[in-house]
Structures are given as C-alpha cells and as structure tokens.
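Using the sequences and the accompanying hints, generate a full structural model.
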Amino acid sequence: MWTFLARRVLQTVPVLAGISVITFLLIYYLPADPARMYAGPSATVETVARIRHELGLDQPLWVQYATYMGRALRGDLGFSYRKQIAVTDLVLSRLPYTLALTAAGIFVELIIGLPVGIASAVARGRWADRVGMLIALIGISAPPFWLGLLLLYWFGFRIPLFPLGGAESLANLVLPALTAGLGGAAWYARVMRSSMLDILSTDYVRTGYAKGRSRLMVILRHALPNALNPIITMAGMDIPWFIGGVVLVERVFNWPGVGRMAVEAIETVDVPLILGTVIFTALMVVVSGILIDLVQGIVDPRIRHSRH
Amino acid sequence: MDMPEASYGALAWRRLRRDRAAMFGALLVALLALAAGLASVLAPHDPAEQFRDGLTPGGLPVPSTLLAEGNPRFLIGTDSNGRDLLSRILYGAQVSLTVGVLANSLAVTIGVIVGSVAGYFGGWIEIGLMRFTDIMMAFPTLLLAMALVAILKPSLWIIIVVIGLVYWTWIARVVYGQVLALRERDFVTASRALGASRRATLVRHILPQLIPTIIVWGTLGIATNVMLEASLSYLGIGVQPPTPSWGGMIQQGQSYYRTAPWMVIFPGAAIMVTVFAFNLLGDGLRDALDPTQRGRA
Numbered sequence: 001m002w003t004f005l006a007r008r009v010l011q012t013v014p015v016l017a018g019i020s021v022i023t024f025l026l027i028y029y030l031p032a033d034p035a036r037m038y039a040g041p042s043a044t045v046e047t048v049a050r051i052r053h054e055l056g057l058d059q060p061l062w063v064q065y066a067t068y069m070g071r072a073l074r075g076d077l078g079f080s081y082r083k084q085i086a087v088t089d090l091v092l093s094r095l096p097y098t099l100a101l102t103a104a105g106i107f108v109e110l111i112i113g114l115p116v117g118i119a120s121a122v123a124r125g126r127w128a129d130r131v132g133m134l135i136a137l138i139g140i141s142a143p144p145f146w147l148g149l150l151l152l153y154w155f156g157f158r159i160p161l162f163p164l165g166g167a168e169s170l171a172n173l174v175l176p177a178l179t180a181g182l183g184g185a186a187w188y189a190r191v192m193r194s195s196m197l198d199i200l201s202t203d204y205v206r207t208g209y210a211k212g213r214s215r216l217m218v219i220l221r222h223a224l225p226n227a228l229n230p231i232i233t234m235a236g237m238d239i240p241w242f243i244g245g246v247v248l249v250e251r252v253f254n255w256p257g258v259g260r261m262a263v264e265a266i267e268t269v270d271v272p273l274i275l276g277t278v279i280f281t282a283l284m285v286v287v288s289g290i291l292i293d294l295v296q297g298i299v300d301p302r303i304r305h306s307r308h
Numbered sequence: 001m002d003m004p005e006a007s008y009g010a011l012a013w014r015r016l017r018r019d020r021a022a023m024f025g026a027l028l029v030a031l032l033a034l035a036a037g038l039a040s041v042l043a044p045h046d047p048a049e050q051f052r053d054g055l056t057p058g059g060l061p062v063p064s065t066l067l068a069e070g071n072p073r074f075l076i077g078t079d080s081n082g083r084d085l086l087s088r089i090l091y092g093a094q095v096s097l098t099v100g101v102l103a104n105s106l107a108v109t110i111g112v113i114v115g116s117v118a119g120y121f122g123g124w125i126e127i128g129l130m131r132f133t134d135i136m137m138a139f140p141t142l143l144l145a146m147a148l149v150a151i152l153k154p155s156l157w158i159i160i161v162v163i164g165l166v167y168w169t170w171i172a173r174v175v176y177g178q179v180l181a182l183r184e185r186d187f188v189t190a191s192r193a194l195g196a197s198r199r200a201t202l203v204r205h206i207l208p209q210l211i212p213t214i215i216v217w218g219t220l221g222i223a224t225n226v227m228l229e230a231s232l233s234y235l236g237i238g239v240q241p242p243t244p245s246w247g248g249m250i251q252q253g254q255s256y257y258r259t260a261p262w263m264v265i266f267p268g269a270a271i272m273v274t275v276f277a278f279n280l281l282g283d284g285l286r287d288a289l290d291p292t293q294r295g296r297a
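Those protein sequences? They're chains U and D, same order as listed.
Residues 1 to 308 (my numbering) make up the first sequence, in order.
Residues 1 to 297 (my numbering) make up the second sequence, in order.
In case anyone wonders, no lab produced these hints; they're calculated from the structure.
Incorrect hints may have been included.
Per the computed footprint, the stretches of chain D lying under chain U, defined by three or more beta-carbons under 8 Å from a beta-carbon of chain U, are [said to hold, decoys possible]:
#: 1; region: 38–47
#: 2; region: 105–116
#: 3; region: 137–151
#: 4; region: 275–289
Simulated pairs of lysine to aspartate or glutamate, DMTMM-like, Cα-Cα distance not exceeding 25 Å [said to hold, decoys possible]:
#: 5; chain 1: D; residue 1: Lys153; chain 2: U; residue 2: Glu264
#: 6; chain 1: U; residue 1: Lys211; chain 2: U; residue 2: Asp198
#: 7; chain 1: U; residue 1: Lys83; chain 2: U; residue 2: Glu168
#: 8; chain 1: U; residue 1: Lys211; chain 2: U; residue 2: Asp238
#: 9; chain 1: U; residue 1: Lys83; chain 2: U; residue 2: Glu54
#: 10; chain 1: D; residue 1: Lys153; chain 2: U; residue 2: Asp129
#: 11; chain 1: D; residue 1: Lys153; chain 2: U; residue 2: Glu267
#: 12; chain 1: U; residue 1: Lys83; chain 2: U; residue 2: Glu267
#: 13; chain 1: U; residue 1: Lys83; chain 2: U; residue 2: Glu264
Since this is a predicted model, take the numbers as computed values, not measurements.
Note that beta-carbon positions come from the ideal geometry of N, C-alpha and C, so glycine has one too.
Spelled out as structure tokens, the structure:
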C-alpha cells in the first residue's frame, strides 16, 4: 500500500510541473500589461517601467519562471498586485469555503445519484426506471448557474427558507451544495445504473438469490460493493469538471471561495493571484485523484498490484 | 476493407429510427437548427432594439404574457434594456449552435489525432502525448478556458478555438483506449504483413473503425460545448454584448431575478433544451452504433 501511494505521489510531480509551465506561459503572453495594472491608470511611463523592473517582469521568461518556482516550492506564491496580500494567505483564507462547498456538493451527488441509479437498475425497463433516467438526463442538461438562480428564486425569495447569498451559516450552504451537486447526481445515477445492471447479471448475484437471501440483501451485500468500482473511477474524472462548476456556483451565490477569487483575478489581470488560484485548484484535482486511487486500492486490492 | 459497411450502417440506422427518445432528440436538434438559421425571419423584433414600451413606466422589464399580464408585443417579455427576449433567444441560438458545433469539430479532430497516434505508435510518442493529455486534464476545465479566453480577448472565434482546446482531452482518452485494443487485432497485423506502412495502416484500417466513436462524440460533445460556451458567457468572459448569447442573457438577468425572473428562466430553458436534445440524440446514436451498450447509461 505504501509503495503504491509513494509511486502515485511521485507520478504527480511531472503533472504539477507541467501545469505550472503551461500556466506561466499563458500569463506571459497575456496582452494586458501587469505592471500597468499594478501601477494604476494614472501612473507615468517611468513609474510603470520602474514597477516592471521591481516585479522582475523585465527578466527573460525562464528567469521569471525559475524565480517563481524557487519561491513556490518554499510556499511563497508572491503578492497579489491588487490586494498587496500574500497569495498563499489569500487562497488559504478562501480554501475552507471551497472545500466545504465541494464536500457538500459531492455529498449531494452521491446521496441522490447512487440510490436513484440502484433503483433504476432494479426496476429496469419499467416506468420508474424510464422516468428516473429522463429526469437524470434533464438534470445533466440544466446549466448549474441557471439551476442555482431558480433555486434561489423559489427557496430563497418566493418561499424564504434559505438565505439569498453569503456564507454566514450552514443554512447558506444548502442551496449552493444542491446547485453544485444536482447535475453530478444525474451523472452518478446513470453510471450507477449501468454498473448495477452489469453486476445484477453475474453468477454470484444469482448465487446470492439461490442461497435464499432477500432481494434487498443481495443488492446491498453482493451487488453494491462491486458496482461501486466504476463510480470511484468516475469520481476521478468528475472532479476537474466539478471544481469548474464550483466556480459558477460561487458566482451565483456570492460564495467567498477560491473559484470566485480566480474569476476576479482573471478579470483584473492580477498575475500572481491567477497563477496561485490555478495552481491551487490543479493541486486540489491532483490530490483528489490520489485519494480516489487510494480508495479504489482499498476497495479493490487487484488495482494496487496491477498498476505499473 | 472487407467489413460489410453498408449493412452495418443500415442496421444502425434502423436501430436509431426505432429509438423514440433518439428520434425526439433529432427532431429537437432539427428545430433548433431551423430556429437558428431562420432567426431573422422568425424573430418578431430586432434583437438589439430597445423599445420605449419595452419597459414599464417604473423602468422595469415587461413580464411575459405567459406568466403575467404583459405586453402582447413581447410574447416572453423584455430584458432590462427593453429588448424583446424572444428575438434575443432566437438569435442566441445562432451563437450557441455555431460555437457548439465548430468547437466540437475541433476537439474531435485533435482528440482523434492525439489518441490514435499515441495508441498506435506507442513508445515515446505515446508517453509524451498521453502525459500531456493528463496535464491538460488536471486543469479545472472551466478555469482553464476562462484564463485562455481572457488572455486572447473574447470573440466568437477565440471562444470556439479555446473550447476546442480544452475539450479534446476527453476524446483523446476514449480514442486512445480503443486504438490500444484495435492495434492487437488481426486485420492490423495483416495490413502490416502485406507491406503497408504504419501510417497507411493507421489511416486506412484503424481510423475507419473509429467512425462510430467519432459520430457519438461528435454529437454528445456538442452538448458539453454548448454548456461551456453558456458558462463562459455567464461569467462575462464569453460572447460579448451586444451579440445575444444565452449565458450572457442570464448574467444580465441575474441582477433582476427577483423582479424579472423571466429574464433568467427563458434563456436557461433554451440552454437546457439544446443540451438535452444533443444528449438524447448522442445516447441514441451510441446505442444504435454499438448494440452491446444498448439499454445502459
């Protein structure tokens, strides 16, 4: 298990290095001038030039990259041009909100998606299955930001059950989590259904029935644990999309997370903050990928040994 | 190739025609294409015109005649600039479908090239290409697209290219997996044994096997790309006003969602119907082209 984990962590090093290079190149070719943004609209040409020099923006690309990475490895991602605060501090202050929203959203995905998928597989071909899958397909097709605004309109404004935005209490988390999770729930329902259908036709499920176990027991004890495998794989593929979706949800609900900060950073060409947020979110993706592999390694021991 | 292609196609077509959900999806897609193509004929008004009676005396958008008592001139109401919502939605279809179709064509082209070259040639080419694909996939999709569009300055063409550039990785992964399996097959060995070069084998024998995948992803991918365009436009980094785009209309409507919910409801419904239509059709195509997958997700 430990070698598996170590190998998996090592594999992420080139990925993270690649991410930092690509992000850096993107920003280097940004048409807007960060020194001008930093200096403000009324600054003279000389001031802008001095700031460009102070920020090291007049250095060759590879020197800028080496300097940045040297600091980044020590946990220093520079200062936000706009806010004059350390990027690491800014991101870390927002990170708990994004993590809470992500966790709550994934909870919604699973708590709705898995039971619907199982029920649909068991009722295969009957109307419950068809209606369930139709709703799932509609759920996949609804834009999350639209869903969020509709939930906000109905359950925040018309029937004031939940707050209209902000992040003061747990009640603030309900609508954003639903918004972030409903589309994914529909995906999981579809994958769960097809995975369950595969398992329900295997010999050991038939054996379970032959032993006289009840239908519910066979489904929960024999079929479900095996049907979960594709779900875990799917979770790994889902996370980059999920985190992208969180950006939208944070915008709808004015949720003070990393995603909203990233949007602001891109709008204001706050280079260190763009780099920092992108690298942090990519780090989140990579770390969740490792976690998912670990879970899969625990659930299915074959994987630990078969992966190169 | 000896494979009876016509009969495979005919069988798939027959299966597709019998799939009522897929045919409904196809009908919706056709209607949407028609709406987009004939927007200038169908739209009751100029989508950019700000009508004096398009705002209430209090300066608010006029509600839809379907939801409340509005102005019969504006069937589904107006936006906060007093513009006709229906006309804007019809013109918005042009943007959505153009971006969806063209961006996906780009993504499928890149994905098929990268996936098949990596899968077939193997070695360093495989490691290099698939590692690069992994890196691109580790970026949160929407954030990467946002950063790219912001850097390149939003325009219709830039958005098409950027969405194509962030979406191809998924198709590359699928194609790569298929080519890995295909390259071990006898007809590939036979082609090589008969003296065909590796490139010729890839183009003439492996690529035709990928056509079902290309058709399925060519349809399902449009759904995803329509959604990506709408998301970018909603964040204000997509298609720029005054060009009407569904995502942009929702962004504008967000400030009015309590007083003028129709500004949000209708453009969002348009996005949902479009994405739903391509998903239905794509699912049906997958079932029809690969019967072993039938009845599954």
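Here's how the hints hold up against the structure:
Coverage of the region 38–47 of chain D by chain U is violated. Counting CB-CB distances below 8 Å, 0 residues qualify, and the rule asks for three or more. With a threshold of 8 Å between beta carbons, the proposed coverage of the region 105–116 of chain D by chain U is violated, since 0 of its residues qualify and at least three are required. Counting residues of the region 137–151 of chain D whose beta-carbon sits less than 8 Å from any beta-carbon of chain U gives 13, enough to reach three: the coverage restraint holds. Interface restraint, the region 275–289 of chain D with chain U: holds (5 residues with C-beta to C-beta distance below 8 Å; minimum three).
About 16 Å separates the Cα atoms of D:Lys153 and U:Glu264, which keeps this hinted pair within 25 Å; it holds. The hinted pair formed by U:Lys211 and U:Asp198 meets the criterion: a straight-line CA distance of about 20 Å does not exceed 25 Å. For a cut-off of 25 Å, the pair hint linking U:Lys83 to U:Glu168 stands: about 23 Å separates their Cα positions. Annotation: proposed proximity of U:Lys211 to U:Asp238 is violated, straight-line Cα distance about 38 Å (limit 25 Å).
A hinted pair counts as satisfied when its Cα atoms are at most 25 Å apart, and U:Lys83 with U:Glu54 qualifies at roughly 17 Å. A C-alpha spacing of about 46 Å is found between D:Lys153 and U:Asp129, which places the hinted pair above 25 Å, so the restraint is violated. Annotation: proposed proximity of D:Lys153 to U:Glu267 holds, straight-line Cα distance about 11 Å (limit 25 Å). Simply put, U:Lys83 and U:Glu267 have alpha-carbon atoms about 14 Å apart, close enough for the 25 Å limit, and the pair holds.
Taking the CA atoms of U:Lys83 and U:Glu264, the gap is near 11 Å; set against the 25 Å cutoff, the hint holds.
The structure shown violates the earlier hints numbered 1, 2, 8 and 10.
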